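Required output: the full structure, derived from the provided sequences and hints.
Protein chains: 2
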Amino acid sequence: MAIKGELLIGGESYQGGGKPFFAIQQATGERLGDAFHGAMPADVEKALALAWDAFSTYRETTLAARAVFLESIATNIMDVGDALVTTASAETGLPKGRIEGERARTVGQLRLFAKEVREGRFQELRVDPADPERMPTAKPDLKLRNVPLGPVAVFGSSNFPLAFSVAGGDTASALAAGCPVIVKAHSAHPGTSELVGRAVQKAVADSGLAPGVFGLLFDAGFEVGQALVADHRIRAVGFTGSRRGGLALMEIASRRKQPIPVFAEMSSINPVIVFPSALASRGAEIAKEFIASLTLGAGQFCTNPGLVLVAEGQGLDAFLDTAATQIAEAAAQTMLTAGICDAFRHGTARLESKPSVTVVGRGKAGTELEGQAVLFSTTGSALLGDPELQDEIFGAASLVVRCADHAELEHVLSSLEGQLTIALHIDEADFDMAKPLIPTLELLAGRLLVNGFGTGVEVSPAMVHGGPYPATSDGRSTSVGTMAIFRFLRPVSYQDFPAPLAPSVFGSR
Amino acid sequence: MAIKGELLIGGESYQGGGKPFFAIQQATGERLGDAFHGAMPADVEKALALAWDAFSTYRETTLAARAVFLESIATNIMDVGDALVTTASAETGLPKGRIEGERARTVGQLRLFAKEVREGRFQELRVDPADPERMPTAKPDLKLRNVPLGPVAVFGSSNFPLAFSVAGGDTASALAAGCPVIVKAHSAHPGTSELVGRAVQKAVADSGLAPGVFGLLFDAGFEVGQALVADHRIRAVGFTGSRRGGLALMEIASRRKQPIPVFAEMSSINPVIVFPSALASRGAEIAKEFIASLTLGAGQFCTNPGLVLVAEGQGLDAFLDTAATQIAEAAAQTMLTAGICDAFRHGTARLESKPSVTVVGRGKAGTELEGQAVLFSTTGSALLGDPELQDEIFGAASLVVRCADHAELEHVLSSLEGQLTIALHIDEADFDMAKPLIPTLELLAGRLLVNGFGTGVEVSPAMVHGGPYPATSDGRSTSVGTMAIFRFLRPVSYQDFPAPLAPSVFGSR
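In order, the protein sequences belong to chains W and R. Per this note's numbering: the first sequence = residues 1 to 509. Per this note's numbering: the second sequence = residues 1 to 509.
If you're looking for bench data, these hints aren't it; they were derived computationally from the structure. Please read these numbers as outputs of a predicted model, since none were measured by experiment. Keep in mind that the hints are not guaranteed to be accurate.
[What the hints assert, rightly or not] Derived lysine to any residue pairs resembling SDA-like cross-links, with alpha carbons at most 25 Å apart:
#, chain 1, residue 1, chain 2, residue 2
1, W, K139, R, E285
2, W, K115, R, P132
3, W, K139, R, L296
4, W, K202, W, E100
5, R, K435, W, A499
[What the hints assert, rightly or not] Simulated restraints on C-beta separations:
#, chain 1, residue 1, chain 2, residue 2, range
6, W, D342, R, G17, 55 to 61 Å
7, W, S415, R, D79, 40 to 46 Å
8, R, F222, W, K288, 54 to 60 Å
9, W, H232, R, D432, 50 to 56 Å
10, R, A365, W, R244, 56 to 62 Å
11, R, R118, W, S414, 30 to 36 Å
12, R, A429, W, R244, 55 to 61 Å
13, R, T62, W, G339, 49 to 55 Å
14, W, E119, R, Q258, 32 to 38 Å
15, W, V505, R, R118, 25 to 31 Å
16, R, K354, W, A205, 48 to 54 Å
17, W, H411, R, S415, 53 to 59 Å
18, R, D79, W, P461, 40 to 46 Å
19, W, R256, R, S281, 40 to 46 Å
We put the beta carbon where it would ideally sit given N, CA and C, even for glycine.
Written as structure tokens, this is what we have:
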């Protein structure tokens, strides 16, 4: 499959008439290949019309056919071969090994949703039979099932060119639910997007599905995404990105004649709490793991540990000393885009300029396109007094909050915004102190973890990658794991339906 | 239990300092008893502080204890005895028989949620065990459960003084989920609200729960409701009422620092489609059932059949003639409030003033406080040209849309807004024509029914009382039936939790 800078609309591919832009070799800042062209309004309209048209047949596919389709996307992605790894690595600056791991995760995710579709539990079939003899009124026959919402607009993220992009979790779960998908590719990895998009498009054709089941649109700006979210044929939105971007889409969706749900995964600083006994017994060890997690992938994870809460006490100096030593060893890493690198530099400079903030340590300096890891510290009372200290800095930067005591730490916790994850570092001797905090933590985050870090999100039926606002726009949802499918479904009740009219899933009942 | 016009806050009851207002004997327009007083900001604050405080213990109650609490509310409501029936009937103008039926439904609903709580499936427990040997990375242990969102603000509806009010479906499902509830009583039935509120308050005390688990506030205006929805301690809202009211609450909720879900059941005209063969074979019979459903309870149901779609053909005249004859027999009925009666009169007058609309028939005229049933007709092309013809008129008014043919009927259908219900009147000979419409209907409504009318909403695990906007604010939810509990829950994932820290529901696993 070749990269031609083309939109994928229905079964066709052609160059858009919109503004040209280029894929960038992130490590050098140089252009990679020919221009990509943004979609024009007519292209967006065509993709929408085809998606709406495809919905009527795609939603009626058998579970088996839909599962085979998802598996065939996975196979086709693997079939792209090394070109995909090379392209994604060049466009993102992420090492090939990381891309290979992410590809495995992406195809595994598609296969997991295929399994979920085959098992069919997501349909939530319920049958409550009639009772004509019931007094004072006869009881009707009721059947319930989940139906798909309709075409879904998916916005590829910058930081996961495969797993949260063209054929990532949002697309996989929407397709599994029976919803056609139109992807607005992230302009930071257009070649990767096109390669994966062609793999999906081929699966649509091979499976004999209506071509509008999938579309891929490019745009260097925001118009295409805004047009998608505003259109009446789009019935839900999946987004992973900045808080500003997510809020803008939520605003558009809420102003529609018929508002639609926007599932936006936006911003989180993923607090890490180090408890006294763990700090005393293995503060240095925790610091090592922390810096490793912080600097992984240039810190460009939504689950990156951006805040460490710890009460003054034995081991804190060892923790900070080790963290400083470790981070000093951290190589500068190419960031996903020049813009992200700029934002990282500005965010860390702004934090450093705060009188209440001191630098614990820094990683090695790098080029203009590389992020230099940095660890700050402040006090609990400073954090309580300045909400800006909670702002997410996307990249390898974190803030250690030295709390005067456990009471202040609890106070700081209760001042935090919603989060994707909260990690507890605890020894058995800390359990009595940790246990009463857990109900508070449950209100703050979608995932709580013990003696680990949030980076590395398992694709599992028991995973929640979500959390209260502003971590996501809807804290009752997850964008990773099989529960993600429920975002794109709604229940319908069928009362007194004769068998020939009832949905066939209720067939013989 | 006496009616004292008092707020119920925590374990206490006292008169608010706000504006006085009176319960009205709807049939006569006269005042019933002494004044009720609205809550002042300090009262609202007290209820909120107590609810937040109670949340920490209430959410941790055992399933058995919570179920017993719900059952004890049901018992206490029955124990109020005939005073409740008399009061509710006087305040709403609804006949005693209807109130008794609604009371049975309300306590049945509480008992059904008690059963649902005991069974515990709503917790959605999921366990995905660790695999330390997995390559390339060890698999963590993941457990998932649903947790309650937090205190819920419930707005009593005008038209169901028991089943969608102080201890109605919203309150029952929120309490079942583990959320404290603060009810803003509907000012049209304050005495009923106080009696039921005292029954709930007594159940809280008898069950030894924190008193803030339940609060009841009065207000003649909007300030109390607005303050509740804007407060950070309220984490979700249940509302049944007008579209204007629902939209206002959605707006307040979305402007909060942390937006919260508003489950508003707002407006629906519940289309009825009469198919050709059914029309020809039994048009008159359908007309009789239709007028009976339309005029039930003065038409004051969210599921009232406000629109009838039918194609020109054999039987249409018989249908309209019978409908005209039947409605002429319909007695005028006291409406819920003078304001609702006014709005009904204005709505029907506005519809009648449209050149494209003709009057098919009218019920008997009544007093100033009674609604006179009325049936209008128009054409399919007129409806397509004037969206105002779709506006809900709350009360016994309906519009028959004479479509030129089935194609125009399909066109009209596709122009409709989201609905709670759509009813199909069909004979076997119509199945081939009806079947291809069903996917369209599934996108339009939460409940589809055959050869019946939407009034009479079964409280069932397979019920959906919800539907796409503007029928409700969130078409993925239901406010009737056991699935209603899921509105007030969100999933949390626990990674690598040692047994002593994991939620006890995972106990021995």
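Taking the hints in turn, this is what the structure says about them:
1. K139(W) - E285(R): 21 Å, holds
2. K115(W) - P132(R): 23 Å, holds
3. K139(W) - L296(R): Holds, at roughly 18 Å.
4. K202(W) - E100(W): The hint holds at about 21 Å.
5. K435(R) - A499(W): 11 Å, holds
6. D342(W) - G17(R): 55 to 61 Å: 56 Å, holds
7. S415(W) - D79(R): 40 to 46 Å: 45 Å, holds
8. F222(R) - K288(W): 54 to 60 Å: Roughly 57 Å apart at Cβ, these two residues keep to the hinted range, so it holds.
9. H232(W) - D432(R): 50 to 56 Å: 29 Å, violated
10. A365(R) - R244(W): 56 to 62 Å: Given range 56 to 62 Å: holds, Cβ gap about 59 Å.
11. R118(R) - S414(W): 30 to 36 Å: 33 Å, holds
12. A429(R) - R244(W): 55 to 61 Å: Cβ of A429(R) to Cβ of R244(W): about 58 Å, so the range 55 to 61 Å holds.
13. T62(R) - G339(W): 49 to 55 Å: Hint holds: Cβ distance 52 Å, inside 49 to 55 Å.
14. E119(W) - Q258(R): 32 to 38 Å: Cβ of E119(W) to Cβ of Q258(R): about 35 Å, so the range 32 to 38 Å holds.
15. V505(W) - R118(R): 25 to 31 Å: Hint holds: Cβ distance 29 Å, inside 25 to 31 Å.
16. K354(R) - A205(W): 48 to 54 Å: Cβ of K354(R) to Cβ of A205(W): about 51 Å, so the range 48 to 54 Å holds.
17. H411(W) - S415(R): 53 to 59 Å: Since the Cβ atoms of H411(W) and S415(R) sit about 55 Å apart, the hinted range of 53 to 59 Å holds.
18. D79(R) - P461(W): 40 to 46 Å: This hint holds: roughly 45 Å between Cβ atoms.
19. R256(W) - S281(R): 40 to 46 Å: 42 Å, holds
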